[in-house]
Amino acid sequence: VGACHGVITRICPSAQILDVTHGIPRHDIRAGALTLRDALPYLPGGVHLAVVDPEVGCDRRAIAVRTADDQFFVGPDTGMHQPAAAGLGGVVEAASIGNSEYRLKPTSATFHGRDIFSPVAAHLAAGKSLSDVGDLLDPAVLVQFELPSPTLEDDVLFTKVLTVDRFGNIVLNVDREGLAETGLSLDTSVEVAADGSSCEVPFVSTFGDVGVEQPLLYVDAQQMLALAVNRGSAADLLNLNVDSEVRLRPLLS
Amino acid sequence: VGACHGVITRICPSAQILDVTHGIPRHDIRAGALTLRDALPYLPGGVHLAVVDPEVGCDRRAIAVRTADDQFFVGPDTGMHQPAAAGLGGVVEAASIGNSEYRLKPTSATFHGRDIFSPVAAHLAAGKSLSDVGDLLDPAVLVQFELPSPTLEDDVLFTKVLTVDRFGNIVLNVDREGLAETGLSLDTSVEVAADGSSCEVPFVSTFGDVGVEQPLLYVDAQQMLALAVNRGSAADLLNLNVDSEVRLRPLLS
Amino acid sequence: VGACHGVITRICPSAQILDVTHGIPRHDIRAGALTLRDALPYLPGGVHLAVVDPEVGCDRRAIAVRTADDQFFVGPDTGMHQPAAAGLGGVVEAASIGNSEYRLKPTSATFHGRDIFSPVAAHLAAGKSLSDVGDLLDPAVLVQFELPSPTLEDDVLFTKVLTVDRFGNIVLNVDREGLAETGLSLDTSVEVAADGSSCEVPFVSTFGDVGVEQPLLYVDAQQMLALAVNRGSAADLLNLNVDSEVRLRPLLS
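Chains as they are written, first to last, in the working numbering: chain A, 1 to 253; chain B, 1001 to 1253; chain C, 2001 to 2253.
The shape of chain A in the complex, shown without the other chains (with noise of 0.2 Å):
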């Protein structure tokens, strides 16, 4: 992280540079996402460079795209900031930038965020367009990203978890809107079931709502249906991990 700050700061002086988050797990592409998307409406304007590289070597494309908005990102073709892109407009220019004349030369084989992504942000930065720093292409060959739907049967939401955080608070894969259209309405209580075991969720506004080491189904910060345990880990309950089904059934009251 400090070369490629080196780097930026080298060539765009001026550049206010600002961390988002360097805890994205190794090669969790959607975790990448997600919470690039949920940051970005908090961010100044810019030129957002975001790397999780699983293909790093291979030949998955170096791209930077512009936003309606006119903002970028730069970063490898695997999808993660169309979310975030959406949310500005979506994407209206796009540039493969594997062989930029500003990457760093020698270009190592494994350090992209150094070499290619880091200068070509700086330019960008700077002032450069698109088709200065690469080579203009179709946004619509870039990679898509997609995340799974819940899907309902009879009473019963069948749910993906998306995220687990450090305090084992569980992102399952259900939107505010998504939300409206299932039976779940706040202050009923939830059958949630996982993998081998089951338990009473009430659904509430925030962990004050429920006793200490009492589980809770809520909407977070980032308008995403959540399941935690008030100072405790939701995911140690119901051993869950990213990809884990959980089903939700609102209980009768």
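Derived by calculation from the structure, the hints in this document are not laboratory data. Note that the Cβ used here is the ideal one computed from N, Cα and C, for glycine as well. Be aware that one or more of the hints could be misleading.
[Unchecked claim] One side of the interface only, derived from the structure: several residues of chain C facing chain B at Cβ under 10 Å:
no.	residue
1	Pro2054
2	Glu2055
3	Lys2105
4	Phe2145
[To be verified] Below, simulated SDA-like cross-link-like pairs (lysine to any residue); rule was C-alpha separation at most 20 Å, straight line:
no.	chain 1	residue 1	chain 2	residue 2
5	C	Lys2105	B	Asp1175
6	B	Lys1160	B	Leu1179
7	A	Lys160	A	Asp236
8	B	Lys1105	A	Arg176
Given the coordinates of chain A, work out where chains B and C should sit on it, guided by the hints.
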């Protein structure tokens, strides 16, 4: 953290943001209070945003306070800012900011750092007053912060573990003045006892005064009595956690 | 870290602070030296504050040095800055700063990063000279940094593990020039042996050249010979730690 930085930078682009730490253990108000108190003398004056928030979403108050020194603290009303504020002349003005007109809307129930504390801190940095950002209240109603006091019985000093760092170094609840009132002095040897184990430990100036893997008592860089093992872990040696009792008895030489 | 930043900012408000890393393992001077050497070419010129300090509080020297390139390193005299300084033309001037008039007082026995190194670095950044901040001394008396050399016996190259990163990627003590002198070349297959286990590993350009969970030998982004497992851990595969011996024997094709 990235979202908080983004919120601050958008409101007050000229703000210089300095991260003290993001390593406070979850919900550990005492560790936060001690870290803040110990860092403050070394920091430039300004607005100090400090959030350890076990009761987020409950009816705990959100506050901003001004010190005699005209610096500000912003965060949940947990008492965490008090030891630091005391070093800046104490709190002279306070405001409740849970309904601040500057909070972000919609305001999430679980991420007040982003939605309430960051925007209020940024507006204070930009020159707003406490009455601009919230409703003034009597500082006397704020939650008080208290540290346990050590007690001396015969020649045994009963202390508590305040913090354990990642190296297993232990800080006890005895400051330099407290130490002067006890029978402990530099270059004496001390019997250190905890639940189920005890050992003889020299009271020295620094790690290098004892051999590798040997224990030491010393006054740490924050002027607190501390227990460590040179290139090892005092927490492991005596099986100590936060709040463990540690008994110290000076040995006759 | 926050306190160090604060000290620097108070002394030299115009200083631009760039954090290279805070992830060097405790007391690991070699990892620090390699990280510093590898990052330096990508950083803006300036004052480099680098502290890994196993002997803090002992009589190890505190130093600041100036390179032929007019950049500075500040830290304990452990040799850690030497590989990086060599890349900047080598050390041309040195000063002992343990009693610098610019150190903070009282000076703690255990936190010289805050009390000695940060203020001296800030004063150098603000334009002071080495003779201003300490007592000049002959650079020849400084602690020397040495890396173990690989040895070749018959067709077996005996190497050592220099570093293990959090992914289990292994850096060996063979640089690109050293490699040219051995029998190893790209696209050959190599028998890699460590205590108790061995396997056949292809020497390739990058991770994507082997299958998932397959091992690879490659020249890393710092031009060092490295051993990894694509989406896995080479450290786990061969049970390797820092300083483990690794024997490499090219296989006939």
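Here's how the hints hold up against the structure:
1. Pro2054: With a closest approach of 7 Å, the C:Pro2054 hint holds.
2. Glu2055: Holds - the Cβ of C:Glu2055 comes within 10 Å of chain B, reaching about 6 Å at its closest.
3. Lys2105: 12 Å, violated
4. Phe2145: 20 Å, violated
5. C:Lys2105 x B:Asp1175: Between C:Lys2105 and B:Asp1175 the Cα gap is close to 18 Å, so the pair holds against 20 Å.
6. B:Lys1160 x B:Leu1179: 14 Å, holds
7. A:Lys160 x A:Asp236: 16 Å, holds
8. B:Lys1105 x A:Arg176: 16 Å, holds
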